[in-house]
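K.L.:
Once you've looked at the hints, dock chain X against the given chain Y.
Residue numbers (the numbering used here), protein chains in the order written: chain Y, 261 to 385; chain X, 8 to 489.
To be clear, the hints were calculated from the coordinates, so they are not data collected in a lab.
Treat the hints with caution; some may be incorrect.
Claimed, not checked - For lysine to any residue, the following SDA-like pairs were computed, each having C-alpha atoms within a straight-line distance of at most 20 Å:
#, chain 1, residue 1, chain 2, residue 2
1, X, K193, Y, A385
2, X, K449, X, T389
3, X, K188, Y, T332
4, X, K482, Y, N350
5, X, K188, Y, Q304
6, X, K328, X, Y315
7, X, K190, Y, S314
8, X, K482, Y, E340
9, X, K190, Y, E301
10, X, K396, X, E375
11, X, K396, Y, A345
As the list claims (entries may be wrong) - Which chain X residues stay away from chain Y? Per the calculated CB distances, all over 10 Å, these:
#, residue
12, L55
13, A349
14, E398
15, H425
16, V477
Since this is a predicted model, take the numbers as computed values, not measurements.
We treat Cβ as the ideally placed atom computed from N, Cα and C, and that holds for glycine.
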Amino acid sequence: MVPNDRKYTRDHEWVMVEGNVARMGITAHAAEALGDIVYVELPQVGDETVMGESYCVVESVKASSSVFSAVTGTVVEVNEELDAAPEKLNEDAFKNFIAAVEFTEINEDELMDAEEYEKFCEEEA
Amino acid sequence: MRSEYKLIFERSHEGRRAYDLPPCDAPCAMSEIPEGLRASAPLALPELGEVDLVRHYTNLSRRNFGVDNGFYPLGSCTMKYNPKINEELATVFDEVHPLLDPEMSQGCLALMKEMEDMLCEICGMDAFTLQPAAGAHGELTGLMHIRAYHEHRGDTGRTTIIVPDAAHGTNPASAAMAGFKVKEIKSAPDGGVDLDALKEAVGPDTAGLMLTNPSTLGLFERNIKEIAKIVHEAGGLLYYDGANLNAIMGIVRPGDMGFDVMHINLHKTFSTPHGGGGPGSGPVGVKKHLIPFMPVPRIEENDDGLYYLDYDKPDSFGKIKSFYGNFGVIVKAYCYIRSLGAAGLKEASENAVLNANYIMNKLRGVYEIPHDRICMHECVVTPTEEMMKNEVHTSDIAKALIDRGYHPPTIYFPLIVHEAMMIEPTESEARETLDEFIEAMKGIAEQVKTDPAAIHAAPVTTPVGRPDEVTAARKPIVKYEG
Chain Y
261 MVPNDRKYTR DHEWVMVEGN VARMGITAHA AEALGDIVYV ELPQVGDETV MGESYCVVES
321 VKASSSVFSA VTGTVVEVNE ELDAAPEKLN EDAFKNFIAA VEFTEINEDE LMDAEEYEKF
381 CEEEA
Chain X
8 MRSEYKLIFE RSHEGRRAYD LPPCDAPCAM SEIPEGLRAS APLALPELGE VDLVRHYTNL
68 SRRNFGVDNG FYPLGSCTMK YNPKINEELA TVFDEVHPLL DPEMSQGCLA LMKEMEDMLC
128 EICGMDAFTL QPAAGAHGEL TGLMHIRAYH EHRGDTGRTT IIVPDAAHGT NPASAAMAGF
188 KVKEIKSAPD GGVDLDALKE AVGPDTAGLM LTNPSTLGLF ERNIKEIAKI VHEAGGLLYY
248 DGANLNAIMG IVRPGDMGFD VMHINLHKTF STPHGGGGPG SGPVGVKKHL IPFMPVPRIE
308 ENDDGLYYLD YDKPDSFGKI KSFYGNFGVI VKAYCYIRSL GAAGLKEASE NAVLNANYIM
368 NKLRGVYEIP HDRICMHECV VTPTEEMMKN EVHTSDIAKA LIDRGYHPPT IYFPLIVHEA
428 MMIEPTESEA RETLDEFIEA MKGIAEQVKT DPAAIHAAPV TTPVGRPDEV TAARKPIVKY
488 EG
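Excised from the complex, chain X in its bound form:
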């Protein structure tokens, strides 16, 4: 499998082309361009024949690993399968332009309004905006609501957002981006919020608290009502990071837990492609008291039952994205919610939780489970002391999994667990797939005892083995230097 795979620049031969055009007979317009702005040499683009060009990219594409070709238990990312029909249905709207008059695009507006209403129902919120372009953008938008709320009341001393140390790194980053100071509080030994630390941290400067529930350890925050009370009594608001919403659909709602504002990653919970597969979408939901500050336009219905875009919201903090959000992604998530229905969404969450508990229970005794109680949609395991004595760490186990055909789980996160491996199987997987993965994990544990050198050498089935991560980070080469 190991191969020296040439870059496209290294495949270049002067004069080779993937096209054959007659010489240009139009007059050269070079003289129109001021001298100082002309390129002194032709652009150094690679020169290849069509067959070599096609093979180069086709072969590279075959090295991809995605949900469509294997199990991808990347904790905290909810890499569930994305049904292909959703992709197909989204193409129905390909011809629609966002500048089309609202009366010409009633279908789109109806879909968006219905989507907002469905998300309200699932999350227990009073209104949703679909504008944010992705999760972190949703966080920023949510925090802008908190800021606007306090400022509108003239309470300008609320400058601090409290974030537990187990939070996703985007939480403190978004809070700083929204102009807040960040106060980090330590987690309790069970991985939940430390109520005493929270009581000590809140005060007249508290703008709000950001929290995921289930927590980043995949555990349900049992004290959520008490947490909400502490924050609200101090005058702050409660922000729900929807990263782990996949565990609780149809079972419990952030709005009922006491959260005032939240975001959802449609690409996690509602099965739209992640990353390079398409843009994200991070709808933000709010309770009644935050509705006046929501981004414009809002989709409203007039007396004739027609939808229109309402920009007349004087307390709104304005637009946060061009047009109305990543509409195509919203369509895919809409199709997902509609195909599953209320009962289906609940079943999805139940299966996600069941699958994670199945893996955790099967790995007990083989790996350590630092917080050993019923988990939600993901579980955190660590190498045993014996493995560590053999110098086998989480990163080695992750690399050994690659050789066995799996995308590794999330590693070294959450930060509060030493050598963490966070496994999130999602509801998509059949029991056979889970069993095979469990066998692979057990096989690695066995090999640590019999042949630790093999684990240290992994992966051996990939084009690149163990790149020198340290040198790459300390002395990065960020452009082709051939």
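Chain Y with its partners taken away, still in its complex shape:
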């Protein structure tokens, strides 16, 4: 269920690295915990992100939550579809990225693979 083509954070975000660009989103577990997502406050192309700091806010009927960046760098692409259709994150959180960041810093040791992440979710529950 959790794709093994990418890495995961302890805050339930996924990050897919291609060269020096990291494509980031939230996990299905995060989307499910949030409930129906009604708004995604997207970053803008050119924004700076800092590892471990919030770069996006996801709002559901229950709460609004910060989404933290796994990398430090500059936003080069955002998934503007989420503006009109935030429910895409509920439908398939792994297929719908939030932003792509050209990064200067990443700490891969902090990130988990799919198996580790699944275990992490079980432990957290």
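P.N.:
Frame of chain Y; chain X shown alone:
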């Protein structure tokens, strides 16, 4: 109970009036108004007879739910009963105008000064300002003190406010509003501040830490002395969010815990009406080192024992509200403090804590208690795993409580507890009321087993059942489109 209740626009009939005036015989001044500024059509106001108008609003008002008609255990909001005598006493000042000369309004100034002094005593602070209009405004004002303090010392690198992830959402919002960066730190497993995370987060950029104690989980922060030490040694200040002050009056004081600046929500702790019942008030208290930066005017006493308003405070960051704050609210809170006295305030806190623990203990075994230890003035419970297997979640339990005549507790907050229900009974409630509420909660738990469909259908006793929250949030219709 279900009813299609028409909007006032849908009740409109052309030509109906709630008044009968003779035709206007004054010359029409329309020509005085430049052509481009004239309305092309009359304003589309609803047209109703007086009886229909009165019934419309009277019937709507009867759908209100408040502390005056039922139990309202909305955690973190302290929905205590507001004694009616306080409302009455506040009307004594109805005729006073804020521009009246200070020598003509000595009574008002004396009351405000006394209020400042009483709040200092209750909170262990050195000075209070009554200006902020409500809690969040108090937070902003408090943070402006922190900013002014660092800037005055020439320490301009302190740009970050640390906020625990369990904090009220207003904390990071106020910090951002005051021009700070916000650094969020994770809570420890027991719901308190994670000391290691705090040690790692503080540094030369730390302006301060914002904290509630008791925490948003309704638990006393046992490490508060250690927290204060870490923040102070890093050069930061400690901000106390007074949201949960109702748990500790007369028992422990924020000033003694090491806090430098704080705000109080008078409408929570000191029994003034919430929300639509009247404006709020968020007095801010500070320790000595922050007094020079406080908003002006300060109320001072001259050699003749007369009060005056002192604007001559060169280091003050200025006014933050017109006049002197929401005076009427201050009067009500003053009356509350005076009627209870020191012993009464302490007793109020003790009963608030006792009531929350009573509920928590009675619900143990029926609901989950994620942080099971003696709580303060509110407790957090969650649905059991079995309830969740039956697809019954916190929101369903909240809706089922509505059918049983209760305002639901705060739900899905604090965010660090999955499916949280935060119950704050306050000291106002009699044991019978608590018992009835506990029975209602148990009844819901039982019904989850026998008839979960009924829980999913709740509420059935209200004019509106389950509005489509998702569509309402994704595609809101914000004006009448009839």
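K.L.:
So, for every hint listed, does it hold in this structure?
P.N.:
So, going through the hints one by one against the coordinates:
1. X/K193 with Y/A385: 17 Å, holds
2. X/K449 with X/T389: 13 Å, holds
3. X/K188 with Y/T332: 17 Å, holds
4. X/K482 with Y/N350: Judged against 20 Å, a Cα distance of about 17 Å means the pair holds.
5. X/K188 with Y/Q304: 19 Å, holds
6. X/K328 with X/Y315: Holds. X/K328 to X/Y315 sits at ~18 Å (cutoff 20 Å).
7. X/K190 with Y/S314: 9 Å, holds
8. X/K482 with Y/E340: Within the cut-off at roughly 17 Å; holds.
9. X/K190 with Y/E301: 19 Å, holds
10. X/K396 with X/E375: Satisfied, since the Cα-Cα distance of roughly 14 Å is no more than 20 Å.
11. X/K396 with Y/A345: 29 Å, violated
12. L55: The claim holds: X/L55 sits with its nearest Cβ about 35 Å from chain Y, beyond 10 Å.
13. A349: Its Cβ never comes within 10 Å of chain Y, the nearest being 39 Å, so this holds.
14. E398: Correct as stated: the minimum Cβ-Cβ distance to chain Y is 13 Å, above 10 Å.
15. H425: 7 Å, violated
16. V477: Given a closest Cβ separation of 4 Å, the condition is violated.
Checked against the numbered hints given earlier, this structure breaks hints 11, 15, 16; the rest are met.
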